[in-house]
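Each residue of the first sequence is one higher than the one before, counting from 1 in full-length UniProt numbering.
Don't take each hint at face value.
Simulated crosslink set (DSS-like; lysine-lysine; CA at most 25 Å straight-line) [what the hints assert, rightly or not]:
| # | residue 1 | residue 2 |
| --- | --- | --- |
| 1 | 396 | 84 |
| 2 | 447 | 478 |
| 3 | 459 | 521 |
| 4 | 130 | 112 |
| 5 | 247 | 58 |
| 6 | 447 | 459 |
| 7 | 447 | 247 |
| 8 | 29 | 58 |
| 9 | 447 | 475 |
| 10 | 279 | 345 |
| 11 | 31 | 238 |
| 12 | 215 | 167 |
| 13 | 182 | 93 |
| 14 | 345 | 281 |
| 15 | 31 | 182 |
| 16 | 464 | 396 |
| 17 | 182 | 201 |
| 18 | 497 | 256 |
| 19 | 167 | 141 |
| 20 | 256 | 279 |
| 21 | 297 | 264 |
| 22 | 201 | 188 |
| 23 | 36 | 58 |
| 24 | 29 | 238 |
| 25 | 459 | 482 |
| 26 | 555 | 543 |
Ranges of calculated distance between the beta carbons of each label pair, as one might list FRET restraints [as the list claims (entries may be wrong)]:
| # | residue 1 | residue 2 | range |
| --- | --- | --- | --- |
| 27 | 167 | 512 | 25 to 35 Å |
| 28 | 120 | 63 | 41 to 51 Å |
| 29 | 452 | 175 | 33 to 43 Å |
| 30 | 476 | 128 | 57 to 67 Å |
| 31 | 137 | 476 | 53 to 63 Å |
| 32 | 137 | 331 | 54 to 64 Å |
| 33 | 236 | 331 | 54 to 64 Å |
| 34 | 134 | 50 | 40 to 50 Å |
If you're looking for bench data, these hints aren't it; they were derived computationally from the structure. Owing to the predicted nature of the structure, the values given are computational and were not obtained by experimental measurement. From the three backbone atoms N, C-alpha and C, an ideal C-beta is built for every residue, glycine too.
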Amino acid sequence: GVHCCANSLFKVTPFRSEVLFEKYEDGVKWKFLEHKGPYFPPGYQPLPDDVKFYYNGKPVKLSLPAEEVALFFAQMVDHEYTTKEVFRNNFFKDWRKEMTLEERQLIMDLNKCDFGELHAMHIKKVEARKNLSKEEKLVNKEANQKIVDEYGYCVLDHHRERIGNFKIEPPGLFRGRGDHPKQGMLKKRIQPEDVIINCSKGSRIPEPPAGHRWKEVRHDSTVTWLASWTENVQGSCKYVMLNANSKLKGEKDWEKYEVARKLKTCVDAIRAQYQEDLKSKQMGTRQRAVALYFIDKLALRAGNEKEEGETADTVGCCSLRVEHITLHDTLDGQKCVVEFDFLGKDCIRYYNKVPVFKNLKLFMENKQEGDDLFDRLNTQTLNKHLSSLMPGLTAKVFRTYNASITLQQQLKELGNMKENVAEKLLSYNRANRAVAILCNHQRAPPKTFEQSMANLQAKIDSRKEQLDLAKKELKQAKKEAKGSSDNKLLIVVEKKKKAVQRCEEQLLKMEVQATDREENKQIALSTSKLNYLDPRISVAWCKNMEVPLDKIYNKTLRDKFAWAIDMTEHDFVF
DNA sequence: TGTGTGACTTAGGACAGAAGGT
DNA sequence: ACCTTCTGTCCTAAGTCACACA
1 GVHCCANSLF KVTPFRSEVL FEKYEDGVKW KFLEHKGPYF PPGYQPLPDD VKFYYNGKPV
61 KLSLPAEEVA LFFAQMVDHE YTTKEVFRNN FFKDWRKEMT LEERQLIMDL NKCDFGELHA
121 MHIKKVEARK NLSKEEKLVN KEANQKIVDE YGYCVLDHHR ERIGNFKIEP PGLFRGRGDH
181 PKQGMLKKRI QPEDVIINCS KGSRIPEPPA GHRWKEVRHD STVTWLASWT ENVQGSCKYV
241 MLNANSKLKG EKDWEKYEVA RKLKTCVDAI RAQYQEDLKS KQMGTRQRAV ALYFIDKLAL
301 RAGNEKEEGE TADTVGCCSL RVEHITLHDT LDGQKCVVEF DFLGKDCIRY YNKVPVFKNL
361 KLFMENKQEG DDLFDRLNTQ TLNKHLSSLM PGLTAKVFRT YNASITLQQQ LKELGNMKEN
421 VAEKLLSYNR ANRAVAILCN HQRAPPKTFE QSMANLQAKI DSRKEQLDLA KKELKQAKKE
481 AKGSSDNKLL IVVEKKKKAV QRCEEQLLKM EVQATDREEN KQIALSTSKL NYLDPRISVA
541 WCKNMEVPLD KIYNKTLRDK FAWAIDMTEH DFVF
């Protein structure tokens with residue numbers, strides 16, 4: 001068995017932890033919590049009389065609730081998903097629920113609806129907002145700041161803390177990711193009567209908006225949320241919680257990385273065991289071993305089961321199905337290759353080819369499309385097994401561990417003290433990129449990507465011509481200066497030499513930029529920086545490499561990782 | 001031994017304002 | 001001064017995982 005590190009995890013006192021993190025017993029998260037409650041979005045402003053909705057070519061004055069929902073649709077008519085069948089059907093069904101009986105009897109076909117004037121009004125409003133004068137923008141900014149000042153903070157155990165999302169989500173049409181079966185459904189306006197307030201008994205209880213009352217006021221110190229409500233589209237809970245720079249969140253973050261560091265001390269044993277388990281007589285054990293290999297080696301997510309028809313069809317490790325992998329006896333000259341092709345979280349495609357064992361073939365036997373690859377495995381049993389190997393170990397810890405250890409290794413390999421700051425930063429970004437690739441953090445290529453790439457290429461080309469010209473001129477100047485001792489001619493040669501050099505430098509810089517941009521086309525670096533990379537690695541790297549921290553962490557990140565900045569010495573090792 | 005759900009972390013896209021190049 | 005590109009911030013959806021309950 002592997003059993004390591006048992007019980008020791010949180011008895012170790014971290015550096016200065018008694019100052020940074022004071023913990024309560026039994027899951028108590030706070031003793032005192034006071035806040036102003038969430039901020040509600042402004043109510044619906046009815047359409048002006050001259051902006052009309054038309055049905056079948058005739059103007060129709062809609063009831064206020066129907067009008068509000070019509071405007072949600074009108075605002076997005078130039079977006080692709082209003083053309084999608086599922087979106088339109090869901091929208092129309094929910095819209096009709098908001099209509100009066102007469103409206104419902106009249107408006108039977110979405111295709112006969114003309115939202116043109118409503119859309120035009122919306123566009124005009126957006127334009128107007130963009131064209132506000134500096135002063136007007138400042139006025140708006142100040143008004144927003146006032147809202148933040150009033151609602152954006154709470155007091156938690158003697159500390160004034162920033163709240164993360166103190167605004168109630170405004171109503172609108174649900175936009176899921178990918179092929180979401182609920183896209184287009186109406187996300188209803190949240191009333192104070194829907195909201196549960198959580199605060200401490202001795203605190204000033206937030207006032208509900210005039211004429212309203214809260215659904216409930218509770219005093220539950222075992223949770224960290226300040227307010228919650230149930231969202232109507234998926235029926236899930238939404239929470240108002242603290243900002244990432246809060247003590248509470250910082251402590252949680254630190255714990256997460258400590259668990260990952262703990263994994264470092266026993267990952268070899270765990271790997272040895274799952275390698276061994278690949279040969280187990282128990283099918284369940286074998287499946288678990290292969291799944292663990294995927295989670296460890298490929299950084300796949302656990303893959304909880306999902307309710308069919310409620311969400312887009314995405315999978316993780318445990319929920320992989322037969323159609324998501326293809327086995328090749330040989331592929332690109334390699335033997336026994338498995339080809340992964342599936343949609344993961346947020347409908348981001350995972351595509352990869354890796355050499356793999358015969359086991360997979362076994363798991364695929366007598367199965368067809370739609371069948372689970374790991375039919376003897378789910379995330380609960382997997383995590384249960386993992387936590388028996390090391391306290392606190394779950395599937396996602398592998399992602400944190402592998403991301404952080406990869407960054408540390410890459411920084412060691414790529415780094416070079418002799419480089420200038422720009423070069424060091426490039427190395428840092430490369431290391432960061434290696435992690436993003438491992439974790440499959442993708443982004444849609446920027447809309448202007450092709451164009452801006454072409455622009456850059458054009459610049460490179462013209463610079464090349466310039467370089468050629470400069471070289472010719474240098475040659476000419478050399479020729480003229482040859483044999484002559486005229487100082488003027490020698491100065492000209494020097495000048496031309498410098499020009500060539502400058503040109504070459506600029507060209508190189510642009511070419512590096514082009515490569516960097518191309519390599520980053522579909523890769524998002526921010527997610528790993530924010531959620532997977534132990535900040536102490538980066539802080540220590542900055543200290544050792546003499547790179548100012550603000551070159552890699554902006555203000556928000558420095559606030560979020562204040563705990564790490566505070567405790568990390570140059571010799572920190574993940 | 002499975003199932004639902006509550007609480008929390010992780011995720012990419014939209015957008016506005018800042019920064020940088022010409 | 002203008003235009004483009006980059007960056008930060010907000011937004012909220014979509015995961016993970018533990019626990020209660022049958």
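Inset, instruction - Output the numbers, in ascending order, of every earlier hint that fails for this structure. - result: The structure breaks hints 1, 2, 4, 5, 7, 8, 9, 10, 14, 15, 16, 17, 18, 20, 22, 23, 25, 27, 28, 29, 33, 34; every other hint is satisfied.
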